Amino acid sequence: MFASKKTKKLETQIDEFLDKILSGSLQFKQGVKYYIENLNDMFEKTLTEISTTEESADNLRRTIETKLYLHTLIPEYRGDVLGLLESVDKVLNKSKETIFQYSVEKPNILPEFASLFLELTNTSVTSVEYMVYAVRAYFSDYQKVRDNINKSVFYEKEADVLADKLKRNIFANTNLGLAEKIHLRYFTYHIEQIADSAEDVCDRLSIAVIKRFG
Amino acid sequence: MIWIFLSSGMFLGWSLGANDAANVFGTAVSTKMLRFRSAAIITSIFLILGAMISGAGTTHTIGVLGDVNAIAGSFSVSLAAAISVFLLIKRGLPVSVSQAIVGAILGWNLFTSSPTDINSLILILFSWVFNPLIAGALSFVLYLLFNRIIKFSKIHLLEIDALTRYGFILAAAFGAYSLGANNIAKVVGVFITSSPFRDIQVYENFKITALQQLFFTGALSMAAGIISYSRKTIDTIGSKIFKLTPISALASVFAVSVTLFVFSSQTLHKFLLTLHIPAIPLVPISVTQAMVGAVIGIALAKGGSYLNYKIIGKISLGWLITPVSSALISLLLLFVMQNVFQQKVFEKISFEVNEQVINYLQSGNLNTTKINHLNGITYDNQSSFRQALDYVGISSEETIFRIFQAAKIEYFRLDSNYAKEKLNPNEFTQGEIEAVKFLHNESFKHRWQIVEKLSLISEDWRFLTPNPQNLYYNKRLEEKYEIIFSIFKLR
Chain A
14 MFASKKTKKL
24 ETQIDEFLDK
34 ILSGSLQFKQ
44 GVKYYIENLN
54 DMFEKTLTEI
64 STTEESADNL
74 RRTIETKLYL
84 HTLIPEYRGD
94 VLGLLESVDK
104 VLNKSKETIF
114 QYSVEKPNIL
124 PEFASLFLEL
134 TNTSVTSVEY
144 MVYAVRAYFS
154 DYQKVRDNIN
164 KSVFYEKEAD
174 VLADKLKRNI
184 FANTNLGLAE
194 KIHLRYFTYH
204 IEQIADSAED
214 VCDRLSIAVI
224 KRFG
Chain B
1200 MIWIFLSSGM
1210 FLGWSLGAND
1220 AANVFGTAVS
1230 TKMLRFRSAA
1240 IITSIFLILG
1250 AMISGAGTTH
1260 TIGVLGDVNA
1270 IAGSFSVSLA
1280 AAISVFLLIK
1290 RGLPVSVSQA
1300 IVGAILGWNL
1310 FTSSPTDINS
1320 LILILFSWVF
1330 NPLIAGALSF
1340 VLYLLFNRII
1350 KFSKIHLLEI
1360 DALTRYGFIL
1370 AAAFGAYSLG
1380 ANNIAKVVGV
1390 FITSSPFRDI
1400 QVYENFKITA
1410 LQQLFFTGAL
1420 SMAAGIISYS
1430 RKTIDTIGSK
1440 IFKLTPISAL
1450 ASVFAVSVTL
1460 FVFSSQTLHK
1470 FLLTLHIPAI
1480 PLVPISVTQA
1490 MVGAVIGIAL
1500 AKGGSYLNYK
1510 IIGKISLGWL
1520 ITPVSSALIS
1530 LLLLFVMQNV
1540 FQQKVFEKIS
1550 FEVNEQVINY
1560 LQSGNLNTTK
1570 INHLNGITYD
1580 NQSSFRQALD
1590 YVGISSEETI
1600 FRIFQAAKIE
1610 YFRLDSNYAK
1620 EKLNPNEFTQ
1630 GEIEAVKFLH
1640 NESFKHRWQI
1650 VEKLSLISED
1660 WRFLTPNPQN
1670 LYYNKRLEEK
1680 YEIIFSIFKL
1690 R
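Order-wise, the sequence lines are chains A and B.
Position one of the first sequence corresponds to residue 14 (this note's numbering), numbered consecutively onward.
Position one of the second sequence corresponds to residue 1200 (this note's numbering), numbered consecutively onward.
Hints listed in this document are in silico derivations from the structure and should not be mistaken for laboratory results.
Some hints here could point you the wrong way.
Label pairs and their calculated CB-CB ranges [said to hold, decoys possible]:
#1 M55(A) with G1502(B): 55 to 65 Å
#2 K170(A) with S1515(B): 11 to 21 Å
#3 L1663(B) with K224(A): 38 to 48 Å
#4 S219(A) with L1332(B): 48 to 58 Å
#5 R75(A) with F1325(B): 18 to 28 Å
#6 T79(A) with L1332(B): 12 to 22 Å
#7 S219(A) with G1502(B): 16 to 26 Å
#8 G1503(B) with R198(A): 48 to 58 Å
BS3-like cross-link-like pairs, simulated, lysine-lysine; straight-line CA separation at most 30 Å [said to hold, decoys possible]:
#9 K224(A) with K1636(B)
#10 K1621(B) with K224(A)
#11 K18(A) with K80(A)
#12 K1442(B) with K224(A)
#13 K1621(B) with K1636(B)
Only a predicted model underlies this, so the values are computations on that prediction, with no experimental measurement involved.
Even glycine gets a Cβ: it sits at the ideal position worked out from N, Cα and C.
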């Protein structure tokens, strides 16, 4: 409404960056689903997609950072915004790494764990989704930031509970050897970590919101 | 020689530009919202415009406070103010140039035994109290308002950033305009009576008046201060007093600009009077005082816990010291100027108390019992007349001021040819010009005699009942009388 073309473009780029994070986490969710359902072609395609998404998100973040510094925009909040964007980017990096580990290590997910794995993945991704909404709202909508932070943190806690349940089930299983159990726990831990890093972003955001809106 | 004398005014203008103008845009630069170069250019341009277009509003108050009538005196007064400003800045105190110049003028009055117009002084003292209060209240409200808008308007952070920058440009321009309008009186006010400039006729109907030239010179020196030195003072103002965020800085700058405007806008003053609202007097105020008030307002809006009472105490002390030290330096400089450099720091004025003067004072409801003792005596300077008044027991400064005005001897002779030539029909009504012509070849010893005579023969020359509604009519008429005095005064 009031901004110049340059600023408007930057606004769009920030939005695009957040869109990439969102689509990256949805691709992660799809990837885990395809893996569990043994849809290998689809899974490999998702791998390529998430790689591309992650790379373009990285590029966008760098462009945004450069522009913020170059035009000395939002001097008071620049540090906060850059920190936020970097930590948001890390969430996508983590999703990409995890899905690549599936491709490399090919964990043996027994059918009895499939639904809990899927549920854990969904919950972690939901936590990331709300985190993205909260970051987006930080730029313009005070009330929505708080609402979305609360939702994201709620789903992170849910993910913790599910991960705990899954790990207990894994180790209670008598058909698996210790190596396989540890391998599955490792994957459980990584999916759970995605929600944890979303929570880290939310913690950072809570402070930034206080600074911005008082 | 004249230019050497005027240089002290320009030095004061320069320091005002370097210090006070930094208050207007300093926070915008220190919060990285505007580049120094852009801010300095905008401020300089609008400062010059403000001084040229609206500068006359407050000059009157300073002029009345002390009619410094010799250029060496004006030089000393300006230099005293500039020195005291410089010394206090070195002590790290946010100094008020207004207070320095008022103190220096009072020093001149004391040195020359001239009475001080208590009413003008009261107006100025009033502004010293109300200026920071108004700026503080405004910044308090503006800060809360801005915060509320940001919180609930759902405007993107980057757009707020852009808006804040526009806001700073607007506030800097507005503030600089008001600063020029309000402060030019401080810089060149004391030179009005002894100005080296003469009117320049550019076209038939367009002339650049001596006053405009004087204002332009003063404004240029202020702009020079901004461009050459304000960069250094910005850091102090932007961070030392209080750490401001862009939004709080914007609120404070707006508050200061509006306060400056309120104290210098004749248009607003007239408008308030037409609404029957008591208007704020037009006096030159201190931007520093307004800024300190505005910053305190912000701190209070943030809950008050950021307030540093020690610094506030130090600042208040500085505000007490400034006029006093300036008056003392002024006295010292005038003494040195007169006795060491053999310069005339004031024009001697002769006074005469006679029946007519006594009657005139009586008609103004003044008890003349004591002054009757001086009937028939002439005095050839301010000091001896003041001593005489003291001797007969007249001690009220206001009464002394009125007697000085009435008894002052100046020689005037009205001339119809001169009136035809000099009185511009666009400025004066036909009735006014005719009345002046009617008094062809008549001589007068006192200003008030011309006023009495002219108002007797023409309705156009009559003052209206003094009330807020007639204020501007009477002020305009006063200005016309001033023109008559300056045209027909025998030199």
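Now for the hints, and whether the structure bears them out:
1. Between M55(A) and G1502(B), the C-beta spacing of about 57 Å keeps the proposed range 55 to 65 Å intact.
2. The hinted window of 11 to 21 Å between K170(A) and S1515(B) is violated, with their beta carbons roughly 54 Å apart.
3. A hinted range of 38 to 48 Å is violated for the C-beta pair L1663(B) and K224(A), which are about 59 Å apart.
4. Separation of S219(A) from L1332(B) is about 38 Å and departs from the stated range, judged on CB atoms against 48 to 58 Å.
5. At about 58 Å, the CB distance of R75(A) to F1325(B) disagrees with the hint of 18 to 28 Å.
6. A beta carbon spacing of about 46 Å between T79(A) and L1332(B) contradicts the range 12 to 22 Å that was offered as a hint.
7. Range check, S219(A) to G1502(B): about 20 Å between beta-carbon atoms, so the 16 to 26 Å window is met.
8. Checked against the hint of 48 to 58 Å, the pair G1503(B) and R198(A) passes, with Cβ atoms roughly 54 Å apart.
9. As the CA atoms of K224(A) and K1636(B) are separated by approximately 73 Å, the hinted pair breaks the 30 Å bound.
10. For the given pair, K1621(B) sits about 66 Å from K224(A) by alpha-carbon distance, which is inconsistent with the 30 Å threshold.
11. With a CA separation close to 13 Å, the supplied pair K18(A) and K80(A) stays within the 30 Å bound.
12. Distance check on the hinted pair: K1442(B) and K224(A) sit about 14 Å apart at the alpha-carbon level, within 30 Å; holds.
13. A threshold of 30 Å between alpha carbons decides the hint, and for K1621(B) with K1636(B) the separation of about 12 Å falls inside it, so the pair holds.
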